[in-house]
Every structure is written in C-alpha cells, then in structure tokens.
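4 protein chains.
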Amino acid sequence: MINTITKEEALKRLKRIEGQIKGIQKMVDQERYCIDIINQITAVHNALDSVALKVMKRHIETCVSDAIKSTDGKAKIAELMDTVEHFIK
Amino acid sequence: MINTITKEEALKRLKRIEGQIKGIQKMVDQERYCIDIINQITAVHNALDSVALKVMKRHIETCVSDAIKSTDGKAKIAELMDTVEHFIK
Amino acid sequence: MINTITKEEALKRLKRIEGQIKGIQKMVDQERYCIDIINQITAVHNALDSVALKVMKRHIETCVSDAIKSTDGKAKIAELMDTVEHFIK
Amino acid sequence: MINTITKEEALKRLKRIEGQIKGIQKMVDQERYCIDIINQITAVHNALDSVALKVMKRHIETCVSDAIKSTDGKAKIAELMDTVEHFIK
Numbered sequence: 001m002i003n004t005i006t007k008e009e010a011l012k013r014l015k016r017i018e019g020q021i022k023g024i025q026k027m028v029d030q031e032r033y034c035i036d037i038i039n040q041i042t043a044v045h046n047a048l049d050s051v052a053l054k055v056m057k058r059h060i061e062t063c064v065s066d067a068i069k070s071t072d073g074k075a076k077i078a079e080l081m082d083t084v085e086h087f088i089k
Numbered sequence: 001m002i003n004t005i006t007k008e009e010a011l012k013r014l015k016r017i018e019g020q021i022k023g024i025q026k027m028v029d030q031e032r033y034c035i036d037i038i039n040q041i042t043a044v045h046n047a048l049d050s051v052a053l054k055v056m057k058r059h060i061e062t063c064v065s066d067a068i069k070s071t072d073g074k075a076k077i078a079e080l081m082d083t084v085e086h087f088i089k
Numbered sequence: 001m002i003n004t005i006t007k008e009e010a011l012k013r014l015k016r017i018e019g020q021i022k023g024i025q026k027m028v029d030q031e032r033y034c035i036d037i038i039n040q041i042t043a044v045h046n047a048l049d050s051v052a053l054k055v056m057k058r059h060i061e062t063c064v065s066d067a068i069k070s071t072d073g074k075a076k077i078a079e080l081m082d083t084v085e086h087f088i089k
Numbered sequence: 001m002i003n004t005i006t007k008e009e010a011l012k013r014l015k016r017i018e019g020q021i022k023g024i025q026k027m028v029d030q031e032r033y034c035i036d037i038i039n040q041i042t043a044v045h046n047a048l049d050s051v052a053l054k055v056m057k058r059h060i061e062t063c064v065s066d067a068i069k070s071t072d073g074k075a076k077i078a079e080l081m082d083t084v085e086h087f088i089k
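Residue numbers (my numbering), protein chains in the order written: chain A, 1 to 89; chain B, 1 to 89; chain C, 1 to 89; chain D, 1 to 89.
Chain A on its own, in the form it takes in the complex (with noise of 0.2 Å):
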C-alpha cells in the first residue's frame, strides 16, 4: 500500500509529467523540430520509470513483505515478476 510519503512525492512527480505532456503537445501543434519532441518524450520516459520504481519499492515493502511473512509469499513474487517483465518490454 502507498504510504502518505510515497503519494505525495508520486502525485507530485506525476502533476509534472501532466506538464510535461502538454508541452509536448505544445511542441507539436507548433511544428516544433523532430529531434527535440522525441527528447522530450525521453525526459518524460525517465520521469515515469522513477515513480514506476518507487511505487514498485513501496509495494515489495509491504504487501510483498507481508505475504511473505504470512505464507511465502509466491503468489505474490510472482505477480510483481510478471508486472517488472512487462514494464521492461
């Protein structure tokens, strides 16, 4: 589960993706060069991978934490594997 920390930091990382999203759209409404809307499109890449990543740490915290502690576990893991085998395609 999300703690208070970890909410605040990814809504807060996420209003700036929001941002960073409608520049993009900015940039292509007005023709903006190619090269320069594909790197923003990285920036925004890295951005979702960091809050991808800390909720990710937060969920094997607690709720893989706590199946592991009451049984072990293995649903659990591999539910989060699968999860990290599709994010990484």
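These aren't lab readings, by the way, just hints derived from the structure by calculation.
Warning: the hint list may mix true and false statements.
Computed Cβ-Cβ distance ranges for the label pairs, DEER-style [unchecked claim]: (1) C:LYS69 to D:GLY23: 26 to 34 Å; (2) C:LYS12 to D:LYS12: 21 to 29 Å; (3) C:ARG16 to D:ASN3: 28 to 36 Å; (4) B:ASP72 to C:ASP29: 24 to 32 Å.
Covered, in the sense of this in silico footprint (three residues per stretch, anywhere, with C-beta under 8 Å from a C-beta of chain B), are these stretches of chain A [stated by the list, open to error]: (5) 7-14; (6) 22-28; (7) 36-47; (8) 78-87.
Beta carbons: idealized from backbone N, C-alpha and C, even for Gly.
Following the hints, position chains B, C and D against chain A.
Frame of chain A, contents of chains B, C and D only:
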C-alpha cells in the same frame, strides 16, 4: 518536419496520454493497488513509444532524407542516432 | 541463492545465448543484411531478459524473503531496486 | 552494408560479449550472488545496444541513404522503423 496527418495523429494520442496520466494521479490519490498503478504506467510508456516512433519516422522521411539528398546527411544521421541511443536507455 | 532447477535452466539458456552471439559474429563476418543482424541482437536481448527475470525471481524468493523474515528486509529491497533501475536503463 | 571499420569494431565487441556470456555461465555455475549475475547481464545488454546502434547507423548511412537517393526510400525507412520498434520493446 511534422506534416498534418502525423501532427493530428500525435496530438490525439498525446491528449489520450494526458488523460491516462490524470487517471494514474487519481489511482495514486485513491491508494489503489500498486500493481495496477505500475501496469497503467507501462501502458503510458508504450503509448509514448508509439508517438516517438511516429515522429522519428516522419523525421527520417523529411529532414534526414533532405540532408541525405543535398549532402551525405552524416550530421543528421549522427544526431538521429544520439537521439535513438538516449531514447532506448 | 540459485537452486538446482533455476541453475540448470539458466545455464541451458546461457549456452543458447552463447550460440546466438557466435551466430551474430558469423553474420557480421559474412556482411549479412544489417536489419537481420539487428533483429538477431533483439532476440538475444529478449533471451537475456528472460534469464535476468528468472534469477531476479529466485533472488526475491530466497535472499530477499529471508531478509524480510529476519529483519524488515529494507537493505535487500533497496539493493534489489537499484539493480532493477540499472537493468531497465 | 557493413564496412571494414564497423565490421572489425563489431566483431571485437561481439568477441568481448561472448566472453561476458561465458563469465555469466561460470557465475551461475558457481552459484554466485544473484544481484552480481543480474548486473553482469545488464552490462551485456548495454554492450549489445552499442553494437546494434553502430550497425543501425551504418545501415542508415548506406542502404537507407541509397534508397532515399534513388527513390523516396519509404520502404527502407518503414523496414528500419519496424526494426527500431522491435528493438525497443
């Protein structure tokens, strides 16, 4: 240079991505299941890739092609490859 | 710690990857079509991802799980997340 | 088409990658720490990316450029973009 079709298509996709980002903000705010949040981020990732690839294709068809026709295009190709390298990391 | 099944499976896959790398060397040496070479590199990429994900899963099921059970596992989780971050870049 | 410099460079890097793969096999066989194995896989990943980017650059400088000069190059650009898309997934 982005042409009218690529532009409209890219703007439509970027609007949808903006909506997805707002959806993720809501998921974080409502403390939804971490795995669902990460999977949504993966979806935005893939959507951004699509936009970047479309812009890149258009860039090669226009700017890079023009440079190749008028000179050897080496500078434009080097710039493109730097962008691809940056993008895949 | 890697167990017998993961180990045999990983070694089998790594042997196949070694063969694929040798195949790419031959393709380069024979000056085969660039696109075919890149597609072969993509195939090795995906094969390596599979091995890394299997090892990572096993690591969470053993080392990380043990650390979570005996303490809170925070150090092991932080180490894992650094590795994931490094891996996806 | 791969030229002599790209070819020698690529072959040298692929030889090094083959050595790294053999090193990972040894690590797995010796049941070394999972995190170290994954980090080695990440290193091979990055080395493969470098080879792919070099081959791709060379491909654009030769085959794609020739196609752009003689016709519009649209088929070669489409083929290139499919390869990039496949590569980044």
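Check: Could one say that the CB atoms of C:LYS69 and D:GLY23 fall in the range 26 to 34 Å?
Finding: Given a distance of about 32 Å, which is inside 26 to 34 Å, the answer is holds.
Item checked: Verdict for C:ARG16, D:ASN3 (Cβ pair) under range 28 to 36 Å -> Since C:ARG16 and D:ASN3 have Cβ atoms about 30 Å apart, the given range 28 to 36 Å holds.
Notebook entry, point to check: When you take the CB atoms of B:ASP72 and C:ASP29, is the distance between them in 24 to 32 Å?
Noted result: holds, 27 Å
Note to self: Cut-off 8 Å, C-beta pairs, minimum 3 residues; does the coverage of the segment 7-14 of chain A by chain B stand?
What the structure shows: Our answer is that it holds, as 4 residues pass the Cβ test (under 8 Å) against chain B, meeting three.
Check: Okay, the segment 36-47 of chain A and chain B, do three or more residues pass the C-beta test at under 8 Å?
Finding: holds (count 7)
Notebook entry, point to check: Can the suggested window of 21 to 29 Å be confirmed for the beta-carbon pair C:LYS12 and D:LYS12?
Noted result: holds, 28 Å
Next item on the list: Report holds or violated for chain B covering the segment 78-87 of chain A, Cβ cut-off 8 Å, minimum 3 residues.
Entry: Held - the segment 78-87 of chain A has 5 residues with a Cβ nearer than 8 Å to chain B, which meets the minimum of three.
Note to self: At least three residues with a C-beta closer than 8 Å to a C-beta of chain B: is that true for the segment 22-28 of chain A?
What the structure shows: With 4 residues in contact (Cβ-Cβ under 8 Å with chain B), the coverage given for the segment 22-28 of chain A holds.
In the structure shown, no violation is registered for any of the earlier numbered hints.
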